[in-house]
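Line order of the protein sequences matches chains B and G.
For the first sequence, the residue numbers in this note's numbering are 18 to 242.
For the second sequence, the residue numbers in this note's numbering are 49 to 711.
No wet-lab data here; the hints were simulated from the structure.
One thing to keep in mind: the hints can contain errors.
A partial selection of chain B residues facing chain G, derived with a Cβ cut-off under 10 Å [as the list claims (entries may be wrong)]:
1) Arg20
2) Ala51
3) Gly65
4) Gly69
5) Ala92
6) Gly95
7) Ser96
8) Ala98
9) Ala134
10) Val138
11) Pro179
12) Leu195
13) Arg204
Ideal Cβ placement from N, Cα and C applies to all residues, glycine included.
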Amino acid sequence: MTRITLGLIALFALIAAACVAFGAYFSYVTLLNAHGEAIRARFALTAGQVAGTAELASSLGIALPAQSTLSAYLAREGSGARDIRSIDVADEKGAILFSSDPARVGRATAPDPAGGAVRSVEGPILNDLGEAIGRVRVRYDAAVLAAGARALREDLLPVAVPAAGGAFLATIAIGLLLAAGLRRAARDAATPARWPAAARSALAAVEEAHGRLAAPPPASQEDGR
Amino acid sequence: MIGLRGGISLSIALILCAALAVIGWGAGKAAERTIVPEVAAKAEVVAHSAAALVGRALKDGIPADRLVGVAAYFDGLRAENPELAEIRLVGAGGEMARSGAPPSGSPAPTVSAPVAGANDAAGGEVVITVDPGVVSRQVAGVLLDVAFIGIVSLLVALELVALVVGMGGIEALAAVERRVRALARGQLARHEAAGGARAEPLTAPFDREVAALAARHAAARDAAARRGDGAALDALDALSERTGIGRVEAAEGRAAGLVRPALFLFMLAEELTRPFLPRFAQTLAPADGLIGPGTAASLPIVAFMAVVALCQIPFAGLSERLGRRTGFLLGALLAAAGYLLSALAAHYGVFLAARVISATGYALVFVSAQGHVIDHAQGRARSSALAVFVRAIMVASLCGPPVGGVIADRLGAGTAFAVSAGFALLALLVAALTLPKGEGTRRAGSLSLADLGAAARTPRLMALLAGCAFPAKFLFAGLSFLLVPLELQQQGFSSAAIGRFQMIYPVIMVVGVPLFAALADRTHARDRFVMAGGLVAGLGALCVPLHPSLMLLVAALALLGLGQAMSIASQSALVADMAAQAPRGGGAGVLGLFRLIERSGNAAGPASAGLLMAGVGFAGASGLMGLLVVAGALLFALSGRGAAAGREAPGAERAAQSEGSPL
């Protein structure tokens, strides 16, 4: 019996700890997504602003390759925002026309390798008819994501590890208390004098009834009623 | 007296809530330190963008007090960025436009961007207040999902614990707990031997005490009978009724214990699909409009339930011929194939066919598992074993929907169906390892239509079946499986949240059925419990049209659970009584007819709900279905006028031992 109860307690303690660990991991992933989303949204807004400016110029009849003031604008935007590696404006074929990093002008836009040091968000530049005439691409430092992930881990681990450990130990402690109570109750069950009040009361009622009803009442008492 | 398993489960539920609350607090702090600055940086970009737009209008010569559409523009920005609680345009003369309101509670971060007016003069500023609680609320939602998954994992572990620590160990523990719990209730009944050598040192002394008491009681009763003392006999019987002395309590039985883990896993596979299946079916429905949305959602459920209902009787014989183990394995394999096909289905017809395949497997598994219990348990042990069997199904219906909802939300309905297939295959594996190999038999006495016809002539049976059994399942399947998921989905609830709503019914059933069954036994009022249960369940749904709201929907589900908990065990016990009193060989017909009509309710419910919803909407459909249940309960009550209701035959089935089928 001891082995069974200990096995059960260990199993339940593991479940409790696993659930807490699971909860901590899911919380971490949720925060990580929210952090990444906030960063991407910030750079997407920048991309949207650049696209809006280019679209305005385009609607005034200035073709995208001819929007030479974009270079200075991109340089200003790129230097003003932290973590931006470059802001590129490319034509519809993917050739970079303007960039906050002058060395990139003339290159073809290529997707940044997944998991690399640079991430990007991009958005289309549309003409008045809604057709894409180019793209804006904001390339940012992936280190900002890694730093956020590290900070979140540092904040959550000191809470999650003790919480999971506490759940494990608390389950074991309560399990042992309950098991001890069960064992004690099982031992007490062997001795009617140590039965719970309800059982003692039932036993007293049974014994009283058996004593009263098992034997026929004496004739004299019967007559006296 | 709470047992070891129950006590630890309750403790873990509390520990889990406390630990997850701590993690929620930690996540909030982490979000404040890491994410809120990023959100503020994003808000700053938005502020600059908005300020530039306003500045352009000022530079174009529009006076600041004549600007129009600024608040609407701010509303649009807030709709795109929910973490922006308030956006204001503030000029020299004060606030000029505003959208939203600052979050209540702790001070929120604020960012601002200056508006450059004509000739670059200061034209005011755009001020944005960030709501730092948005991320915390996302985390709280995740933790709620995790808390439910945690509690469900616990229930799953309780069902599968026999696989981990061994069947013998669990029997021993259950034997000890049963005796201790009986003593705490003042019950001195003897208990059937169970638990083997491991439990004996703890159970034998108690068993000897109550056996001695029972022997004295029998002797006292014999003595009273010999001398013809009717008053003493009545007093001794009343004592036996009150204290249980002389009665023998059945052990749960090995038969039910063996099939329980595999059956639970299998039932879990189907229950996973509850929260998302109607919506998934609607997404596959052909766009030509031939099938309306209500019918598209209900048809796969109706097909499933109809196949299960129609296959019950023929499959009972098939499972006998194949052998229970083979029947279970074959059924699980078929169902797994159906779930897999559902996961891959891109056309409505294919999905419908997949559901029919799953239903065929489901019916074969159900009758095989039930047959296994009936084959290996006799008398009171059979009722007790069937109650364990039913509890496994109930717990599966409690665990499946919230887990299925979370999987469907996060990984898609196709993946959730694939997980169902995995569970069905796991059930197959567990059944292959645990169920005993046995030869198929060919019994002559399979049920025929004539048997069912004869059973229908049993007094009061049809009133019970048509008035209570059919409407109960009709409302349950229509409301829980179709109307509630579709209505909640329409109100914008996720599948995970729908799964949590679908837990209301089984939670009340798991807690309420044993309580009401015991109460019905004690008061000898099973007829009244059946009728009252019907009224309670029906009135809940009947009230929905009065003021259609989430609160009333929850109340309808809760009252459905309460009503079913009141009636289901008493109803099964009444049917079992009627079967026992039927002429020779007619009992099987009564039980067969009961199951057939009950399951027809399961099929008719979603079908009618789908049609009614298209015609009168969710609230009207719920109300009409509730009305049918109330009318059925009243019909049953009227049928009992003049009949000797509530008086049980000697050896009558106890409601507490016949908990009925929740499905």
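Hint check:
Hint status for arginine 20 (chain B): holds, given a least beta-carbon distance of 8 Å to chain G, under 10 Å. About 5 Å separates the beta-carbon of alanine 51 (chain B) from the nearest beta-carbon of chain G, less than 10 Å, and the hint is met. Checking glycine 65 (chain B) against chain G: minimum C-beta separation of about 8 Å stays under 10 Å; hint holds. For glycine 69 (chain B), the interface hint holds, since its Cβ comes within 10 Å of a Cβ in chain G; the closest pair sits about 8 Å apart.
Here the hint on alanine 92 (chain B) is broken, as its CB sits about 17 Å from the closest CB of chain G, past 10 Å. At its closest, the beta carbon of glycine 95 (chain B) sits 13 Å from a beta carbon of chain G; the interface hint therefore is violated under the 10 Å criterion. The interface hint given for serine 96 (chain B) is violated, since its Cβ lies 15 Å from the closest Cβ of chain G, which is over the 10 Å cut-off. The closest approach between the C-beta of alanine 98 (chain B) and any C-beta of chain G is roughly 8 Å, which is under the 10 Å cut-off, so the hint is satisfied.
Annotation: interface hint on alanine 134 (chain B) violated; nearest CB of chain G at approximately 19 Å, more than 10 Å. The interface hint given for valine 138 (chain B) is violated, since its Cβ lies 12 Å from the closest Cβ of chain G, which is over the 10 Å cut-off. With a least beta-carbon distance of about 8 Å to chain G, the hint placing proline 179 (chain B) at the interface is held under the 10 Å criterion. Interface hint at leucine 195 (chain B): satisfied, since its Cβ lies 4 Å from the closest Cβ of chain G, which is below the 10 Å cut-off.
A cut of 10 Å between beta carbons decides the hint on arginine 204 (chain B): the least distance to chain G is about 7 Å, and the hint holds.
Violation of the numbered hints given earlier is confined to hints 5, 6, 7, 9 and 10; the remaining hints are satisfied by the structure.
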